[in-house]
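S.K.: Those protein sequences? They're chains A and B, same order as listed. Just so you know, we're using the numbering used here here: the first sequence kicks off at 2 and counts up by one. Just so you know, we're using the numbering used here here: the second sequence kicks off at 2 and counts up by one.
These aren't lab readings, by the way, just hints derived from the structure by calculation. Owing to the predicted nature of the structure, the values given are computational and were not obtained by experimental measurement. A hint or two may mislead.
Identical copies carry no separate label here, and so any pair may be met within one copy or between two of them.
Think about it this way: if two alpha-carbon atoms lie no more than 27 Å apart in a straight line, the pair counts; the simulated DSS-like pairs of lysine-lysine are [said to hold, decoys possible]:
| hint | residue 1 | residue 2 |
| --- | --- | --- |
| 1 | K192 | K33 |
| 2 | K48 | K217 |
| 3 | K189 | K247 |
| 4 | K3 | K217 |
| 5 | K41 | K192 |
| 6 | K247 | K137 |
| 7 | K33 | K256 |
| 8 | K48 | K194 |
| 9 | K189 | K33 |
| 10 | K41 | K3 |
| 11 | K3 | K256 |
2 protein chains.
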Amino acid sequence: MKVYFVSDGTAITAEVFGSAMLSFFDVAVETKSVPFLATKDQAEGLKHQINEEMKNTTGLMVFYTISDANIRNIIESCDCHCYNLFGDLLSPIEQALGVKAQPTAQKAHGMKEGVYDGRMDAVNYALANDDGASVKNFAEADIILLGVSRSGKTPTSLYLAMQYGIKAANYPITEDDFSAPGLPRVLKEHKKKLYGLTIDAQRLHEIRTGRMAASKYASSRQCRYEVDEVESLYRQERIPFLNSTKLSVEEISTKVMAEMNLVRHRQ
Amino acid sequence: MKVYFVSDGTAITAEVFGSAMLSFFDVAVETKSVPFLATKDQAEGLKHQINEEMKNTTGLMVFYTISDANIRNIIESCDCHCYNLFGDLLSPIEQALGVKAQPTAQKAHGMKEGVYDGRMDAVNYALANDDGASVKNFAEADIILLGVSRSGKTPTSLYLAMQYGIKAANYPITEDDFSAPGLPRVLKEHKKKLYGLTIDAQRLHEIRTGRMAASKYASSRQCRYEVDEVESLYRQERIPFLNSTKLSVEEISTKVMAEMNLVRHRQ
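Whenever a hint applies, use it, and build me the whole structure from the sequences.
M.R.: This is how it looks when you write it as structure tokens:
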């Protein structure tokens with residue numbers, strides 16, 4: 002089955018929603034995004050291409066989010082199943098809100114006019130404060146992620162910044178931190194912002210082996226030791242923590258947002 | 002108007018789709034995500050909270066994506082408008098595919114079992130190859146973004162990595178590069194992978210002023226000079242390029258994906 006995600010914008014909404022929809026079905030799917038379809042000519046071109054493909058297959062559908070009715074009509078006249086993702090919900094919501102939908106207002110993934118995109122600050126913050134690089138900026142952090150090397154701190158910080166505009170610093174817990182009791186001094190005054198990541202020792206061993214094979218750093222024994230120590234540190238200090246082994250960065254990030262009561266800065 | 006995005010997963014699909022839907026309406030909206038709603042008790046708790054809120058307002062709705070019918074029924078019985086985002090489309094798609102939807106299969110933003118998440122490699126690649134840090138790795142790049150300092154290269158590289166698993170290096174074009182004719186030598190052999198970013202000189206001046214006020218680097222004159230030079234370089238060398246001034250990182254990234262015919266590595 003081939004699925005086109007077609008949009009007059011980035012096609013991100015169609016992709017995210019369409020992919021979620023398709024994940025209900027145990028069917029192999031090849032997807033293709035067609036963003037920024039903005040003119041009738043482009044729509045006719047796509048229709049022609051789809052109709053040509055339909056001569057050799059029946060396994061093709063289109064999921065679309067398009068504001069302009071003329072362009073929508075062209076897409077809907079393709080020789081395949083076409084689904085208007087907003088179609089069925091707009092009018093009930095119009096009724097509930099008592100307001101008419103304004104097709105031209107739609108720009109879900111664009112820049113809001115006159116609104117500075119604070120996510121860029123947050124991304125720069127995450128980069129500047131990666132791996133304990135600059136602990137003096139911790140006061141500015143919305144959250145400080147802890148964890149041993151390669152437990153998922155950096156991707157999580159970046160995802161929190163990019164998706165939610167959250168300023169996430171991260172601090173690597175190393176063997177040095179286990180020799181003294183309690184939390185590293187630089188973390189103590191920010192205790193409410195701390196959130197721990199952990200990972201199964203075996204998975205950590207695999208990841209570190211990929212990075213530096215046959216090192217002490219990557220050895221099963223070292224990984225087991227660091228994971229045990231960091232988890233007892235979290236428990237002793239009552240730092241909320243999460244095992245990232247089987248989670249995607251989206252799952253880790255949304256769990257962190259919920260547990261730490263963080264509010265997205267980006268609207 | 003207050004809108005709850007409720008899900009048994011990350012709630013990302015509900016957020017993305019619900020926000021896109023709401024962007025059609027010129028109504029002020031406060032949104033709240035409720036991810037990982039997985040038990041009847043949690044659903045009853047949320048229902049109680051919503052019904053309490055409904056005593057003081059009528060301006061509340063729920064957008065949800067929930068697989069389990071029992072949990073769904075609890076949410077649907079709240080005293081407010083509730084919209085099942087998948088509801089209306091699942092059965093037409095079942096018919097088109099000739100396959101029954103399997104509610105438990107849904108894990109749109111989770112880790113695919115046994116599939117290594119190549120996005121983490123791509124994020125690490127983007128970090129290691131930011132700002133021309135390691136040109137020897139350019140052979141491995143899917144794309145190399147060019148641009149003057151602060152024209153949007155780093156966030157775009159990271160977004161391409163995180164969302165699409167694309168390995169994006171980036172290389173800063175500086176005054177040194179304008180003194181010699183043509184492309185910097187390290188870029189010549191990778192010409193097909195090059196993509197340029199540019200930005201309005203005035204906007205660049207503002208961004209650089211925020212970073213280093215009253216410097217030559219941030220001066221209007223310097224910004225104008227660098228932008229003019231880099232754009233003529235792109236034109237001379239026939240490097241495709243994009244003005245990022247009024248675009249979100251999502252728009253830049255999806256345009257780059259489309260123009261460079263890049264295919265997402267993550268499925």
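S.K.: Would you mind marking each hint as holding or not holding in the structure?
M.R.: Results for each hint:
1. K192 / K33: Close across copies (26 Å), not inside one copy (46 Å); limit 27 Å.
2. K48 / K217: neither (58 Å within a copy, 52 Å between copies)
3. K189 / K247: Intra 30 Å, inter 42 Å, cutoff 27 Å: neither.
4. K3 / K217: Answer is neither; intra-copy 47 Å and inter-copy 53 Å both fail.
5. K41 / K192: For K41 and K192, the Cα distance exceeds 27 Å both inside one copy (57 Å) and across copies (33 Å).
6. K247 / K137: Neither: 33 Å inside a chain and 33 Å across chains, both beyond 27 Å.
7. K33 / K256: between (30 Å within a copy, 14 Å between copies)
8. K48 / K194: Result: close neither inside a copy nor across copies, 52 Å intra and 30 Å inter.
9. K189 / K33: neither (49 Å within a copy, 31 Å between copies)
10. K41 / K3: Within one copy only: 23 Å inside, 37 Å across.
11. K3 / K256: The answer is between: 21 Å across copies meets 27 Å, while 33 Å in one copy does not.
Violated hints, listed in ascending order, are 2, 3, 4, 5, 6, 8 and 9; each of the other numbered hints is respected by the structure.
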